[in-house]
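Asks: Same order as they appear, the protein sequences are chains A and B.
The first sequence begins at 102 in the working numbering and counts up by one.
The second sequence begins at 192 in the working numbering and counts up by one.
Bear in mind the hints are in silico, worked out from the structure with no lab data behind them.
Take these hints with a grain of salt, some might be off.
Derived DSSO-like pairs: lysine-lysine, alpha-carbon spacing no greater than 27 Å straight-line [what the hints assert, rightly or not]:
| # | chain 1 | residue 1 | chain 2 | residue 2 |
| --- | --- | --- | --- | --- |
| 1 | A | Lys146 | B | Lys223 |
| 2 | A | Lys493 | B | Lys244 |
| 3 | B | Lys250 | A | Lys498 |
| 4 | A | Lys721 | A | Lys770 |
| 5 | A | Lys146 | B | Lys228 |
| 6 | A | Lys498 | B | Lys245 |
| 7 | A | Lys166 | B | Lys250 |
| 8 | A | Lys166 | B | Lys223 |
| 9 | B | Lys223 | A | Lys138 |
| 10 | B | Lys250 | B | Lys223 |
| 11 | B | Lys210 | A | Lys166 |
| 12 | B | Lys210 | A | Lys138 |
| 13 | B | Lys250 | A | Lys125 |
Quantities reported herein were computed from a predicted structural model and do not represent experimental measurements.
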Amino acid sequence: MNKKDKNPPRLARWILNLQDHYEKEYSITGDCCEEYKQIVRQQGKLSALFWIWGQVFSSIVSSSKRSLFFGGTMFINYLKITLRNIKRHKVFSFINIAGFAIGMAVCLLILIYVRHELSYDKYHKDEERVYRIVLDSRTQTANRIFAPITAMVAPTLKNDYPQVEQAARSLITSSRLVRRDNTFFYEERFMYADPELFDVLTIPFIQGNSQKALTRPRTLVISERMSLKYFGYSNPIGETIEINNETFEITGIVVNSPENTHLKYDLIASMETLNGWEEMNNWYSTMFYTYLKLRPNVNVEEFSQQVSNLSDKYVGEKLKEWGNTDHYFLQPISSIHLHSHIRYEAEPSGNPLYVTIFSFVGLFILLIACLNFMNLSTARSTNRAKEVGMRKVVGAKRFQLISQFLGESLFVSLISLGFSMVIAKFAIPIIDNVTGIALDFNQLLNFVVLISLIVGSILVGLAAGVYPALVLSAFRPTATLKRGLRSGSRDFAMRNVLVVVQFSISVVLIVGTLIMARQFNFMKNQHLGFEKEQKLVLPLRGGISIQENYETVKDLFSKHPSISDASVSSTVPGRGVSNFGVSLVGEEDRKNQSMFHMYFDHDFVPDYGIEMVAGRAFQKDMSTDIAGAFLINEATVIAFGWSSPEEALGKRLQTGFGGRVNPIIGVTKNFHYRGLQTNVEPLVMEFLPEMFRYITLSIDISNLNETLAFTESQWKSMYPNNPFENFFLDTYFDQQYRSDEQVGRIFGIFTILGLFIACLGLLGLASFTAESRTKEIGIRKVLGASVPCIVTMLTKQFTKWVLLANCLAWPVAYYIMTRWLKNFAYRTDIDLFIFVLSGLLVLGVALLTVSYQSIRAATINPAESLRYE
Amino acid sequence: MKELTVLEQIILSVILDLKEGAYGVSVRQRVKKVMGKNINYGTLYNALEQLLKKGYVRKTQGDSTPDRIGRSRIYYNLTPAGENALWEAYKLHTTIWKTIPDFIKNFKP
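Just chain A, with the same shape it has in the complex (with noise of 0.2 Å):
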């Protein structure tokens, strides 16, 4: 060992050094070195470096303890001066306290968002043992993975693995017409469920008893919620309510749905209630999300691998000669929100991408937030120079001015972090009415929170704090004093790049922004391949059925002059498509390949101006279309792997319930029937009156108030037992953008207050500036140079600054927003239009901020700036 390794690290010396007045009066490094080293001999150098740090971190703290018992005095000082400055500079304190405020009030909104989806289905008792378990279904084309799966799973479980402590099922249906006595309307949350499912999940019972609740069929659990709404205060146990007319008894009332669940609920009636129906006991309909919970200390990762094939016992044959596989496997729930992401999902899942942008979009607000201070801080320094001279002079050691400056620093921080949930207080009905994301501030009212909030803000302060603080602390008093201080340019330097990495930031931003409203806009107007304005859609719930009498309903509403033409479907384009199997008559080896199916009468294709490619639509003549032909569009083609469109006429194709086999007699051009997230998929279009659900009116919207009146009476006398409902077809079928589109509102939102902050620390560098070189622009304007000539002199720099932090941003921004973009499968091109018109607009702000100061120092008579000192 030589001799420089016996010697504790230097930064532990250093910082032990700092410490002047025990190293004065006691000598504290010495002491610690000479005990260092025998430590080192007797129980080697790792034990002697934690105690050395050990010692390090003590003394910090005894030492601050010390400052403020022992040194009472100066304590009180170094607050009256904090205050003194906070007041005398009322606009750099302003702008200090303001943009540390406002970031992080972002900051803290950022925080309640991502904390909610992560803490998506973390209530559950025991939740690190309870699993969905989905499948994995592979044909010979196909591969896919369904959220529900077999009723059969549940009880396979129970019986084959004793690892299972519980499993449920649960299924959801669509939304139900529950009527008690003259109150009716319909409601969404509704599944079927088995008992075990209160096992699985938590599901507190206000009332009723979770054990026996849903043993018997036609009984019902509602939630507190449903309780009011249909019961008012009157106790429903016991009494009976209608579900799409089926009488079901209430056994229990539960606590609502948390928001925090994919799984919510409102009405749970009992599995017990389909006992019986044909899709309880096969292995083949998947139609039920089942939950099961593991006992404790059960290995994992053995028994997913146990149940990945837990049907082919019992199906295993079947399946191999269709030439299928089927593997379960399981998904924490905690995980589902977030990461699963797959078909049929109980409700839409979240991005994890945007709780990754959002948390990088606080940090990166806060950043800029920081940087103003340290930037306004050192700028400010000539200001302090005397103050810290005369200190100096009169014995202060730089541990206490570093030690002054960092409490001056902690003590902005932590009033900005009062001010920043004032602020998020108020801004959060504001982003409600905005973008329509609710935020729960009492999520932060929460001792762990609160505590970390405040640790949070103190390490803020202190990052702010510390550059301004070495920098403050440095200056030699015989400089200052003798005649203030020129700002040298190594601070200089520093304080350009600060700028330049917050408006890079800025500029990111506002790039991402850009593309983001730029696709919104483009998936609105891009053409969808269907006529979606001006359209009704009137949706038939509660077991209505038109199948008997379609074309009379029809015809009831388009007898109005207003309504063009009436066509019923099975659904709308942005709702969803059911998926069946789909072979081809005679080619024994694409048999079975999975497509989108949908359901219409004659008049939906003209309707909805869907222009055929090939064949004929469905015609009202045609008798033997209704149950007897299909359509299919181009991207089906392709799948069967057809030349042209031609080819398809007269091929027979099997599918739908019961195996249907028809001749296809029209091909259509693709259309969105979903979203423009996904690619236009394989769909096959059958005329089908049993599937019909939705009726769609053509209407000329200049006389709305009246057509919807009239729409409304027709509806009255046709059904009076269910509520009329209408949506329009366009708004209906944007919604499914609305959650990428809110948060594009909210980034919107950041992005401005993002740059406001920056702008109100280039307003406090500007003014620094043109403050600090009034003289100059005195003698410069004696000497004959004009307004305009000391404006660019003065403004120059920060261009200068402003492009040099476009060049660093535009690849950032390219990178990042192109991750974004490849979320949907229609995109719009990332324009370098864009880019160059943030830049603009970035540069456009600063010059509007920079400039008031720089005309302002520049008009000022010399006579007055030269005699100004």
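Given the coordinates of chain A, assemble chain B onto it according to the supplied hints.
Replies: Below, chain B without anything else, positioned relative to chain A:
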């Protein structure tokens, strides 16, 4: 007279016991042994500062050893006032323990 904290009493007694050899490292190690738990330099110095202020301890600057990278040792001695204070503390303790009723002595939590 001012009350002494337990730590101050321990430090005074340690310095007295170490006689001429009381400086940072030896005092810290001895105090650690007496208290049975670790004590950091910062804490030690803060307590010493109180004792210096009260005039119970005085410092003398000693020599440096090679181990101390050039820093000299600071030795501590009790002043007469310090010895007196320690004696007072001792008397106070013995009085307390003499007058304490027997049942508390037998009471073990």
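Asks: Does each hint fit the structure? Answer for all of them.
Replies: Hint-by-hint comparison with the structure:
1. Lys146(A) - Lys223(B): Since the Cα atoms of lysine 146(A) and lysine 223(B) sit roughly 21 Å apart, the hinted pair holds (cutoff 27 Å).
2. Lys493(A) - Lys244(B): holds (24 Å)
3. Lys250(B) - Lys498(A): Distance ~22 Å between lysine 250(B) and lysine 498(A) Cα, so the pair holds.
4. Lys721(A) - Lys770(A): Holds - the C-alpha atoms of lysine 770(A) and lysine 721(A) are around 21 Å apart, at most 27 Å.
5. Lys146(A) - Lys228(B): The hint holds at about 22 Å.
6. Lys498(A) - Lys245(B): holds (24 Å)
7. Lys166(A) - Lys250(B): holds (23 Å)
8. Lys166(A) - Lys223(B): holds (21 Å)
9. Lys223(B) - Lys138(A): Satisfied, since the Cα-Cα distance of roughly 18 Å is no more than 27 Å.
10. Lys250(B) - Lys223(B): holds (21 Å)
11. Lys210(B) - Lys166(A): violated (30 Å)
12. Lys210(B) - Lys138(A): holds (24 Å)
13. Lys250(B) - Lys125(A): The hint holds at about 12 Å.
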